[in-house]
Structure formats: structure tokens, C-alpha cells
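Using the sequences and the hints, build the whole thing.
Those protein sequences? They're chains A and B, same order as listed.
Using this note's numbering, you'd call the opening residue of the first sequence number 1 and step up by one each time.
Using this note's numbering, you'd call the opening residue of the second sequence number 1 and step up by one each time.
If you're looking for bench data, these hints aren't it; they were derived computationally from the structure.
Be aware that a few hints might be false.
[Unchecked claim] Listing some non-contacts, in silico: residues in chain B with all C-beta distances to chain A over 12 Å:
#1 Asp8
#2 Arg66
#3 Ser72
#4 Arg119
#5 Gly122
[Stated by the list, open to error] From the structure, some residues in chain B lie toward chain A, with a derived Cβ separation under 7 Å:
#6 Ile93
#7 Thr94
#8 Phe216
Using N, Cα and C, we set each Cβ at its ideal position, and we do this for glycine too.
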Amino acid sequence: MSATTLAASKAVAPPRSGIILPALIFIVFALLPVVAALTTRQYLVDVGCRMMVFAVAAIALDLLVGYAGLISFGHAAFIGLGAYAVGILSAHGVGEGLIALPIAIAVSMLFAWLTGIVCLRTSGAYFIMITLAFGQMAYFIATSLAPYGGDNGLTIAARSTIAGWPLLKNDRAFYYFTLLCLLAAYLFCRALVGSRFGRVLRGGKENAVRMAAIGFNVQRFRLVAYVIAGGLGGLSGFLLANLTEFVAPAYMSWQQSGELIVMVILGGVGTLDGALLGSATYLLAEEWLSGFTENWKVIFGPILVLVVLFARGGLIGLGSWLRRRVFHA
Amino acid sequence: MLERAPSDAVLRLEGLRKNFGSLAVTDDVTLDVRPGEIHAIIGPNGAGKTTLINQISGVLSPDGGRIVFAGSDVTALSADARALRGLARSFQITSILPGFSVLENVALAVQAREGSSFRFFGRAAAETALNAPAMSALEQAGIAERAHVRAGELSHGEKRALELAIALAMKPTLLLLDEPMAGIGREETESQVELLLRLKGQFTMVLVEHDMGAVFALADRISVLIRGRLLMTGSPDTVRTDPQVIAAYLGEVVG
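Here you go:
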């Protein structure tokens with residue numbers, strides 16, 4: 001019957017993004033230092049590293065925005081907490097990464113848990129405002145930490161050691177360490193969204209009343225997702241502090257939180273790949289456009305407006321739209 | 001307790017009250033639902049039928065009275081806690097997960113009662129332990145051949161059937177059906193009645209419905225609700241011939 005073939009053609013595979021695009025992105029990241037060495041453009045390593053650091057935070061934010069339906073406007077706080085964990089430990093002579101990394105993640109998760117309990121009592125615009133408020137709270141606490149540089153921030157004496165070995169001192173080694181962290185974070189999130197847990201999260205975004213009617217306390221799942229995203233933010237902060245060998249309150253400013261949201265929306269919400277692509281594109285645009293003018297956001301702003309207006313699925317959505325056009329033509 | 005209820009009642013409402021402002025939408029309702037029966041709740045628009053269902057399922061909390069389900073007081077429990085105790089419901093306005101496949105809609109209901117959902121690895125969509133019971137619930141509801149379609153693309157009648165499949169997959173002690181025939185065609189209504197007749201005896205059901213043909217074909221007992229108050233509870237024959245019910249409600253339909 002034609003009706004059944006129609007049904008079959010419209011059949012949906014459960015959400016599972018392609019393998020080609022992320023593989024391509026990771027291959028490009030892996031080859032970047034080689035290209036940089038061949039073309040003697042060493043700054044490429046630095047730019048690539050920044051992209052990956054923020055990609056870790058962006059995929060965590062996409063977990064909240066795209067899968068749990070929670071628009072968090074305070075995500076930079078987790079980056080800042082992770083970074084300050086490294087800075088403060090280092091100021092007290094603890095430069096060991098095997099200590100600093102778990103602490104950076106744990107502190108961010110704890111903050112996410114404590115604030116998440118409060119934030120998740122609200123929804124919609126109120127959730128955005130209250131996450132923003134907690135983010136700003138963390139920011140002002142950081143500015144008041146006089147022993148750790150206050151407003152001016154804190155310079156870190158040296159990058160974290162791994163089991164006492166200064167492995168990350170080498171820029172290229174640090175680059176590949178960051179790549180490994182990003183790959184692990186990405187694979188973890190990808191497994192998560194397809195798992196039982198992720199399915200409940202997605203279901204709660206679609207229809208929370210229905211989820212309650214079949215027996216799910218959706219808020220509990222959202223809180224766990226919030227804590228996981230916080231932990232990944234902490235990981236990103238650990239990497240950022242080591243990349244720049246510097247920690248400042250600006251890491252957790254609301255502008256930084258906003259930039260993370262822009263990265264996720266630019267790439268395409270709810271795809272994880274979009275967050276990878278979005279953070280890379282955003283930082284590339286910053287790098288490139290700021291070469292023309294200091295006020296590069298004047299150019300970037302309208303581009304973002306166009307993306308939101310005409311490519312609702314972000315760059316990922318634009319890509320699949322183009323693919324459809326090409327194959328149908 | 002003033003009234004003696006059968007001790008084995010699946011659901012018992014005791015003096016349930018709910019006000020919206022000064023309007024009493026549930027006014028001292030006391031009734032019991034016996035194991036295995038289909039208990040219909042009828043009444044004109046605005047009688048407070050959906051409000052009553054919402055209080056039973058835990059979406060609304062009553063202002064007074066008690067709800068006793070399967071022997072324990074559930075008045076203070078949340079909707080999801082009641083669902084896990086075996087209370088399944090369908091909605092007057094269909095409530096499904098439109099972006100999920102039909103099968104996944106049902107598999108989630110299986111997942112809710114089977115084991116932990118705090119599992120972060122392994123593809124849930126590929127779990128046979130969840131998909132097999134989901135598939136058999138879809139077969140029971142008669143839409144198994146639509147299992148892999150996006151739920152949002154189903155026809156209205158099929159969405160109704162999906163809601164029923166979700167409820168069946170919960171292996172409920174009590175099924176609350178809020179106007180399952182609303183907005184579907186004659187033929188689909190007939191097949192829905194047939195389906196519910198097949199399920200009769202396997203599940204205890206509370207049925208809120210406007211289609212009197214369906215109500216009299218299915219119900220073992222009928223409660224009549226008028227402006228929040230329970231007018232009477234009785235067998236279909238008693239209700240059909242009751243002068244008060246005819247005057248207040250049925251007159252306009254049957255007469």
C-alpha cells in the first residue's frame with residue numbers, strides 16, 4: 001500500500017547524529033599543529049586550543065539548552081570556578097594536575113548542585129534570570145578575592161604537572177591533551193543523550209506533563225544534567241587556566257555566559273556537533289574580524305541575526321538544508 | 001467513616017473538594033471504584049469531570065478530602081509518584097511526545113517502571129527489554145504498524161490509540177480515561193469502544209465520556225456529576241431511568 005510505504009519513508013530513526021561531521025572536525029583539530037608547524041603560523045595552535053577549551057563548555061551548555069530545555073545564562077561561572085580552583089591551588093604551591101583537575105570538576109559540580117536545586121524551582125525566563133544571578137554572584141565573589149588578585153586576576157606560576165612531570169609545559173603536548181579532553185567530553189555527552197537518562201531528559205523537554213503522567217520526576221533528571229554540565233564547565237575552566245596561565249573574574253562574567261549561548265545557537269541547538277562547530281566558528285570570527293576592527297562584534301552581530309532568522313538550526317541546520325537542496329536538484 | 005465502602009476498592013474518593021475562586025468545581029465528592037469495573041463519570045459541560053480526573057491523577061491538589069488508591073492515602077503524592085504506583089491516565093487533549101517515534105513514546109513508559117533511568121551509557125532506543133513490551137502494548141492498542149513513525153505525524157484517532165498504548169505499557173492498576181472518544185470520527189469511536197471492551201476485566205477503568213452510546217456500552221457503573229456535586233452512582237439501567245438524571249442531563253441527549 002502507498003500509505004504504508006509513505007509511513008516507512010517518514011519513519012524516524014531515533015536521534016543519532018552523523019559520524020562524518022564530528023570525525024572531520026576532530027581530524028582538523030588533530031592536524032592543526034602540523035599545519036601550523038609547516039606554515040610557521042604558530043598562533044594557530046593557540047587559536048585551536050582556545051576553540052577546543054570553549055567547545056568543552058559549549059557542548060555542556062548544549063546538553064542543557066538543546067536536550068533538557070534549560071537555558072542557562074550562568075554557564076561561565078563553572079568555567080571560572082574550574083579556573084580559580086587551578087589558580088588558588090597553584091598559589092598555595094599545589095601544581096599537580098591530578099589533584100587540580102578533580103577538584104576543579106568537583107567544585108563546579110558542587111556549585112551546580114547547590115544552585116541547581118534553587119534554579120530548577122523556576123522555568124522559562126525566570127530560569128534564565130536566576131542562573132544569570134548566580135553567575136554574577138560567583139563573578140563578584142571572584143572580584144573580591146583580594147589574596148588571589150581581586151579584579152586583576154591571578155597569574156599562575158606554571159601549568160599543571162601530570163604526576164609531577166611537566167608534560168603540559170610544551171604547547172603542542174598541551175594542545176593534544178586538550179583535544180583528548182574534548183574528545184572524551186564529546187563522546188560522553190553523545191552517549192548520554194542516547195541513553196535512558198538522556199531519553200528522559202529529552203522527553204521532559206518535549207512534554208513534562210506527559211513525563212510526569214508515566215512516572216518520571218523530570219526535575220530530578222534535570223538537576224543531574226545540570227550537575228554534569230557544571231562538571232564539564234569545570235573541566236573547561238581547568239583547561240583555560242592552564243592555557244592562559246592566568247585566572248581572572250572576567251572568565252565568569254555574564255558576557256562570557258552570553259558568548260557560550262551564542263556559540264551553541266550559531267552552531268545549532270540540540271546536536272552537540274553544532275556546539276563544536278559553533279564555538280570554533282565564533283572564535284575564528286573573533287580572530288579574523290578583530291583583525292579589521294576592534295569593534296568586530298558590530299560585524300558579527302548582524303551575521304548572528306541572519307543565522308537566527310534564516311537558519312533556525314544554526315550552521316548544522318544550514319548544512320543539512322544545503323545538502324537537501326543539492327540532492328533534490 | 002460514615003459510609004461503608006467495599007474494603008477492596010481500587011480507588012476511593014472521600015469528601016473531595018476543590019474551589020476555583022468562589023466556584024466549587026468539586027463539591028464533597030465521595031465515590032469508590034471497584035476492582036475490574038469500568039466506572040463512567042458523566043455530566044454536562046462544566047460539571048467538573050476533568051478537574052476530578054486531574055485531582056485523582058495528581059495534576060491538581062484538592063482543597064479538602066482524601067484520595068485513597070490501592071489501599072493507601074495518595075492525596076499528598078505527586079503525579080509521577082502516583083503513576084509509579086499504578087495510576088495511568090489519558091488526557092482530554094492528547095498529550096504525547098510529538099518528536100519521538102511512536103515506539104519510543106511507549107518504551108519510555110516501560111522504562112519508567114522497569115529498572116533505573118539513571119543510566120548514562122548504552123542506547124536506550126536499542127534496548128529490547130524496553131522495546132518488546134512497548135511493541136506488545138502497541139499491538140494491544142492496534143497501532144503496532146505505526147511504531148516507527150514520528151508520533152506528531154499520527155492522525156488524531158491514532159494519537160488516542162497511542163495514549164492508550166502508553167497507559168497499557170505502565171501495567172496500571174487503574175486506568176483514567178479522560179474523554180477518549182473526543183474529537184474522533186464515528187468509525188474510530190466504534191473501534192475504540194471495541195478495544196476498551198476487549199480490555200475490560202483486565203484493567204479497572206475510570207471513564208469520563210460525553211458519547212452516551214460508548215458509556216452505556218462500556219460502563220458497569222455510572223456516576224453522574226452536576227456542577228461539582230455527585231448526583232448519584234448506579235448501574236447503567238438505574239441511571240438511564242432516573243428522573244433526576246434525565247431532568248438534569250440525559251433528557252437533552254436521549255430524550
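*Kindly indicate which numbered hints from before are broken by the structure, ordering the numbers from low to high.*
Violated: hints 4, 5, 6, 7 and 8.
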